[in-house]
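Student: Residue numbers (the working numbering), protein chains in the order written: chain G, 7 to 480; chain C, 7 to 480.
Don't take each hint at face value.
To be verified - Incomplete in silico selection of chain G near chain C, CB under 8 Å:
hint: 1; residue: LEU61
hint: 2; residue: TYR65
hint: 3; residue: ALA242
hint: 4; residue: ALA257
hint: 5; residue: ASN260
hint: 6; residue: LEU270
hint: 7; residue: ALA278
hint: 8; residue: LEU285
hint: 9; residue: GLY391
hint: 10; residue: GLY417
hint: 11; residue: ARG422
hint: 12; residue: GLY423
These aren't lab readings, by the way, just hints derived from the structure by calculation. By construction, the Cβ of each residue, glycine as well, lies at the ideal position given by its N, Cα and C atoms.
Here's the letter readout for the chains.
Protein chains: 2
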Amino acid sequence: MADDNARRIQLPKQVAVLNVGLGTFAEAIRAQGAAAVEVDWRIPARGDLQLVAALTRLYGRLNSQVEAANTEVIRRLDESSPRVVGISPARAVIPDLDERMVLHCGPPLAWDEFCGPLRRSVRATVMMEGWAQSPDEADSLVAGGRVILDEANRHSTVVPMAATVGPSTAVFVVENPQGGNRSFSPINQGPGRVAWFGVDSPEAVRHLIWLRDCAGPVLDEALQAAGPLDLFSLIAQGLLMGDDVHMRSQATTNLFLRAILPHLVGLKDRRAVSVARFLSANHLFFLNLAMAAAKAATDWASLVPGSSVVTGMARNGTSFGIKLSGTGERWFTAPAPPVEDALYHPGFGQDLAAPDIGDSAVLELVGLGGAAAAASPAVANFLGGTMRAAVETTEAAESICTGRSSRLQLGFLDFRGSPIGVDVRRAAELGVTPAINTGILHATEPLGQIGAGIAHAPLDCFRQALLALDELLA
Amino acid sequence: MADDNARRIQLPKQVAVLNVGLGTFAEAIRAQGAAAVEVDWRIPARGDLQLVAALTRLYGRLNSQVEAANTEVIRRLDESSPRVVGISPARAVIPDLDERMVLHCGPPLAWDEFCGPLRRSVRATVMMEGWAQSPDEADSLVAGGRVILDEANRHSTVVPMAATVGPSTAVFVVENPQGGNRSFSPINQGPGRVAWFGVDSPEAVRHLIWLRDCAGPVLDEALQAAGPLDLFSLIAQGLLMGDDVHMRSQATTNLFLRAILPHLVGLKDRRAVSVARFLSANHLFFLNLAMAAAKAATDWASLVPGSSVVTGMARNGTSFGIKLSGTGERWFTAPAPPVEDALYHPGFGQDLAAPDIGDSAVLELVGLGGAAAAASPAVANFLGGTMRAAVETTEAAESICTGRSSRLQLGFLDFRGSPIGVDVRRAAELGVTPAINTGILHATEPLGQIGAGIAHAPLDCFRQALLALDELLA
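Bound conformation, chain G alone (with noise of 0.2 Å):
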């Protein structure tokens, strides 16, 4: 008896445990003065069965195939270098760009569909191309369909916010010369009450005019003096300077403007000056740079079949696209999100907020935004204040992305490459999106930005586009 007392499991002094799953576990063990180790251990795919299925294939039997298929998306993004070479009207430059259309963000949408902002923001460029000369008239026009609207996207273009594009907007003209193919978006329109905040007023509408009439030509000239600006160049530096480079982008853009400043003050024309009081209170011109930069490598890198890498996303204040290389031109859509973890405007607040808008997601898929939000103490104030939230909302961009840029580093992660390559497959199965760094519009009045804050990706985009991808690559 004693002899089998013995040999009774005995428990042993020490207890470590190693905890898989939910950390409440673990916080109890804790709690009894015992180690416990944890694994952040989730259902995959939420036990969404259907997702489960696409998920064992793609990662299973199809694995070498989409990982070969990523590896050569992954280098696209990396390898391109994008450079602006100057600005350009857009019916010289856009493709298919038809004499009445206007282009917009994010996946298409009927009229009547459209919200509040980006509604207005068309007025305004119906009105600037002097197709008509009040607001409603205008939406007459587009109601009528003698006013063709289209996503910008499809025209290897992109549009911050709610910025239109007319035939006569002048864009900067973005070249990748290792993908041969090129970009274009909008000269940025500064801050105030703007057509791309969704102003359709005179005064917003007499922007759009000087925009194309004076500071285009004026930048075009400076820019052709300067010479083929490489853009990531500028980024790589900006990302050290405290820009996430798309909630900011101040550093980017004063380096801009140091490297085409000779080419300014040479300027004969004497409307340069103006230019130049524009310049030297828009922190935000460098965005659309940036974006037409981060567009050009991802339509290159969107050739690419088999890959489950994300290598589109907008959204039209409506709704909220993807589109992945493996399944080409289609848009898997979801309602916008709201934007979160924001910062108002004095007097504004969340319920008058409009929904997520503008193309500027497409930074998020190339490394910036909120991929490199550890970059910027500027996005850590939207998290609380803290680098920690900061570096948490890099680290969640890590956990989805297959690739890290060699050339975009994070300076406070001691200079690690950005994640860069958004993997479908990840994003379903962990339940974690992209989060966008943007700003927030009024939704009904057209009063401007109104604040900023993080948005985040709806997920069944991601569960649609994986089970096409699944479906196609089967």
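Start from chain G and add chain C according to the hints.
Tutor: Chain C alone, transformed into the frame defined by chain G:
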């Protein structure tokens, strides 16, 4: 007997150790599996009995007097808001500047004690003034006493590296409205083989003449049009953009350029183009403005009797000197230290390096440079490439500073204020002195800057200053 045994001192089952002093004791305890908490205690003032006696008085009977004075010094450092108001020939603005005088960095010294780079820079300025046609002729003028040398600091002026100032040199005029005082610094000469890097070639002299006759008047006109610019406001932004505003001032330079951009473009003077080209290629341009701002703040702060705060710190390449607010104009000097933690340009190394030189160490007294290392991934690169090392450099500054800036924030440390006001008592007690982020010049040849690194102020200066303050107050 059994009872006696029971009363014997029983060793506890669990031992936790509080270790004060040498870390090796704690390590030995940890090696045996027990917990040890370390207190970083050191013998005060390294056991120097004279210092301990002085510290006993200055932290004891004299403490409240010293603390009250220090509070006022910190207020002056923190509240000074110097503004650049223009550029002028030195003779028109710098007080007590003799018609045949050349100002140099650091404490005063005899001509035969001048290090190579500073000697060559003096010659270049003598030739720029037209007093001599060759370096040899310049040399004999100075050796013969026909050119007077004086320390710039005594004339409310600061000069970086080996830069020197003659009566016709174009200098920034900086006003400190809070203190009612002014400070001066020459225009930064930019990169290459230039006089501030110890070069006296004909090209270096021609560049000084160009700065005087072209850059000075052109930039003055732009500055007059721009109106007074608050320098610490630009510096505070630059700190959140990766500058330590000593070794690196690129972000702050770009902010300054953006502020004057419309006024530069607006100039009718066609020489503005060459000035813009110079500005566009000079990422250290703001360094001299930051130094002038720090000089204006420390000069006002230096007028508080009884304070133990360092309000002057400068090197001439031969000696290193500090001044205390409480001991007035007296320099406490020691031999100039070597620059450590250095990165050299290819082909150069420590054997070719001149000792630490220039007035720029004034920046480390107002929360910049080494004190703000944690602001700058670029500085981290000099400290082994990790932000941890940069943060430790800032923490070392915190250990000897008695205040915190309310406007200069360190983003990566969750926006805590940068340490300001080096207390000579703390430095002497802990044996810790300011780390200074600085450039390195070639010691013997006119080859310019050959690297950059971190210099540590000699402890002996702080020892002398502490004893002098004690003698004065006791």
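Student: Hint by hint, work out which the structure violates, then give me just those numbers in ascending order.
Tutor: Hints 1, 2, 3, 11 and 12 contradicted; others consistent.
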